[in-house]
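**Q** Position one of the sequence shown corresponds to residue 51 (this note's numbering), numbered consecutively onward.
It is worth saying that the hints were derived from the structure and are not from the lab.
A portion of the hints provided could be inaccurate.
As the list claims (entries may be wrong) - Derived lysine to aspartate or glutamate pairs resembling EDC-like cross-links, with alpha carbons at most 20 Å apart:
#1 Lys382 to Asp206
#2 Lys382 to Glu344
#3 Lys382 to Glu173
#4 Lys382 to Glu232
#5 Lys382 to Glu203
Unchecked claim - So the derived label-pair ranges between C-beta atoms look like this:
#6 Ala116 to Arg404: 17 to 27 Å
#7 Pro211 to Pro374: 22 to 32 Å
#8 Gly361 to Glu127: 36 to 46 Å
#9 Pro145 to Ala297: 19 to 29 Å
#10 Ala197 to Ala271: 25 to 35 Å
#11 Ala416 to Pro436: 38 to 48 Å
#12 Ala193 to Arg291: 45 to 55 Å
#13 Thr466 to Ala116: 18 to 28 Å
#14 Ile205 to Gly335: 50 to 60 Å
#15 Asp124 to Trp418: 14 to 24 Å
Just so it is clear, CB atoms sit at the ideal spot from N, CA and C, and this is done for glycine as well.
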Amino acid sequence: MRGGPPGFNANLYGIPGKARQRILMDARTSRLPSPPPARPDALEAFLHYGFVPAVPPDLAARPWAAPPGPPLPDDEERCLAAGLAALEAAFADVPPGPQVVPLSGGLDSRVILGMLVAAGARERIQAVTFGTPGTLDFELATAVARAAGVRHERIDLTREPLDAPGLRAALPPGGPWTHAFEAHFNALVPRRFGAGATLWSGILANVINGSRVGDPHEDWAAARRSYARHYGAVRSGRLTRPGFDAAASLPEAPLLAHGTLTYEEQLHLGVHYPSRFERVLLAPGFAFRTPFAEPPWVAFALRLPRALRLGERAFRAVIRRRLPELMALPTKTCHGVPLSAPAWRLGLARQRRRVARRLRRLSPWAPWGPAPEANYLAFDLELRRPSPARAVVQGCLARLAARRVVDWLDLDELWTRHQRRRANLADALVLLAELELNLSAAE
Numbered sequence: 051m052r053g054g055p056p057g058f059n060a061n062l063y064g065i066p067g068k069a070r071q072r073i074l075m076d077a078r079t080s081r082l083p084s085p086p087p088a089r090p091d092a093l094e095a096f097l098h099y100g101f102v103p104a105v106p107p108d109l110a111a112r113p114w115a116a117p118p119g120p121p122l123p124d125d126e127e128r129c130l131a132a133g134l135a136a137l138e139a140a141f142a143d144v145p146p147g148p149q150v151v152p153l154s155g156g157l158d159s160r161v162i163l164g165m166l167v168a169a170g171a172r173e174r175i176q177a178v179t180f181g182t183p184g185t186l187d188f189e190l191a192t193a194v195a196r197a198a199g200v201r202h203e204r205i206d207l208t209r210e211p212l213d214a215p216g217l218r219a220a221l222p223p224g225g226p227w228t229h230a231f232e233a234h235f236n237a238l239v240p241r242r243f244g245a246g247a248t249l250w251s252g253i254l255a256n257v258i259n260g261s262r263v264g265d266p267h268e269d270w271a272a273a274r275r276s277y278a279r280h281y282g283a284v285r286s287g288r289l290t291r292p293g294f295d296a297a298a299s300l301p302e303a304p305l306l307a308h309g310t311l312t313y314e315e316q317l318h319l320g321v322h323y324p325s326r327f328e329r330v331l332l333a334p335g336f337a338f339r340t341p342f343a344e345p346p347w348v349a350f351a352l353r354l355p356r357a358l359r360l361g362e363r364a365f366r367a368v369i370r371r372r373l374p375e376l377m378a379l380p381t382k383t384c385h386g387v388p389l390s391a392p393a394w395r396l397g398l399a400r401q402r403r404r405v406a407r408r409l410r411r412l413s414p415w416a417p418w419g420p421a422p423e424a425n426y427l428a429f430d431l432e433l434r435r436p437s438p439a440r441a442v443v444q445g446c447l448a449r450l451a452a453r454r455v456v457d458w459l460d461l462d463e464l465w466t467r468h469q470r471r472r473a474n475l476a477d478a479l480v481l482l483a484e485l486e487l488n489l490s491a492a493e
């Protein structure tokens with residue numbers, strides 16, 4: 051039966067008895083209402099991208115939307131000097147009071163931490179890492195904080211309480227649907243440390259710095275098709291109806307008149323970041339600083355010659371020169387090796403990561419630990435053990451089955467295949483649970 055039996059018959063292990071009975075009774079005897087989406091394609095767009103693509107109303111006011119000015123000279127040393135000046139300018143006015151840095155295993159948060167220390171704020175910095183022990187984000191950040199000489203706290207998300215009301219409460223009020231789990235996890239740090247503090251985010255860094263430059267597409271339609279193909283939220287299978295055109299959910303025309311940004315960069319900056327990342331990374335009600343989105347840095351990065359933007363070449367050269375000790379440490383960005391590693395070592399690390407991903411996909415029955423690159427929780431594992439995440443996802447799937455809004459999917463089959471280790475379907479199951487959380491929050 052499509053959509054799963056009305057009660058979503060999978061064993062609701064880990065949910066207290068009365069709650070389990072209530073979920074099953076609701077699902078078997080009623081069809082829960084579903085508020086109509088703001089756009090006809092919103093539900094399937096969410097099932098494809100994990101968010102509903104939309105262009106922000108303040109697009110024209112964004113620093114990257116204006117023409118950046120004359121290009122910098124095609125001279126690497128002069129460009130690096132300009133980059134060092136722009137980096138200093140982005141951290142020139144550190145506010146008074148505590149400075150909270152969510153610290154991952156990547157480059158952007160490491161640069162923020164290093165520049166705050168260089169600005170003389172070391173004693174006011176609180177670095178915080180949250181995630182799953184054994185992952186690169188969780189483990190590498192400790193060495194970075196130690197090298198920077200700052201206070202550092204780690205939050206093990208496998209031990210954090212988790213329930214549906216808390217996830218719904220973390221969803222940004224109003225606006226399109228988004229990732230409830232990510233919004234909840236990213237709100238933990240502001241709620242714990244952010245009262246009266248400045249929180250720092252590296253949002254926009256990779257696109258502004260050139261990670262999405264690539265080869266320009268010939269036309270906007272080709273860029274939309276490429277974006278839709280590469281940036282789906284679910285890698286384990288298709289959740290949308292057959293024939294759904296994900297590219298049609300994207301803007302019909304280029305967002306900018308000037309040609310500084312490629313079409314793919316325009317889609318990332320004008321759609322992906324506002325619709326997805328801003329809504330889950332920047333918890334409302336707190337004081338955030340986003341240095342890589344500030345005009346001094348944006349103007350520098352977008353004026354670089356293409357060869358120096360490509361692959362973040364100039365950015366990486368600037369931060370290695372300005373923060374050599376921190377940049378000599380292993381990083382998630384380079385698959386667990388330092389930024390200064392020779393090309394052969396970086397290539398080997400990249401290949402090992404690809405092989406490991408393939409092995410996980412082909413052998414879901416093997417007793418794998420958390421994937422090193424996993425963000426937040428290792429959901430493949432969490433949904434197979436009696437965990438809070440499992441209880442939440444099961445409850446949400448039962449309610450979603452009762453709504454019958456995805457009746458082309460067999461929710462029981464998806465759950466059973468994951469539990470019996472026939473496939474790793476956690477990304478699909480979590481996104482379906484998040485659809486239910488967004489629907490119930492809208493009620």
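**Q** Does each hint hold? Answer for all of them.
**A** Here is what the structure says about each hint:
no.	hint	result
1	Lys382 to Asp206	18 Å, holds
2	Lys382 to Glu344	24 Å, violated
3	Lys382 to Glu173	26 Å, violated
4	Lys382 to Glu232	19 Å, holds
5	Lys382 to Glu203	19 Å, holds
6	Ala116 to Arg404: 17 to 27 Å	39 Å, violated
7	Pro211 to Pro374: 22 to 32 Å	41 Å, violated
8	Gly361 to Glu127: 36 to 46 Å	19 Å, violated
9	Pro145 to Ala297: 19 to 29 Å	42 Å, violated
10	Ala197 to Ala271: 25 to 35 Å	47 Å, violated
11	Ala416 to Pro436: 38 to 48 Å	21 Å, violated
12	Ala193 to Arg291: 45 to 55 Å	47 Å, holds
13	Thr466 to Ala116: 18 to 28 Å	53 Å, violated
14	Ile205 to Gly335: 50 to 60 Å	20 Å, violated
15	Asp124 to Trp418: 14 to 24 Å	47 Å, violated
Checked against the numbered hints given earlier, this structure breaks hints 2, 3, 6, 7, 8, 9, 10, 11, 13, 14, 15; the rest are met.
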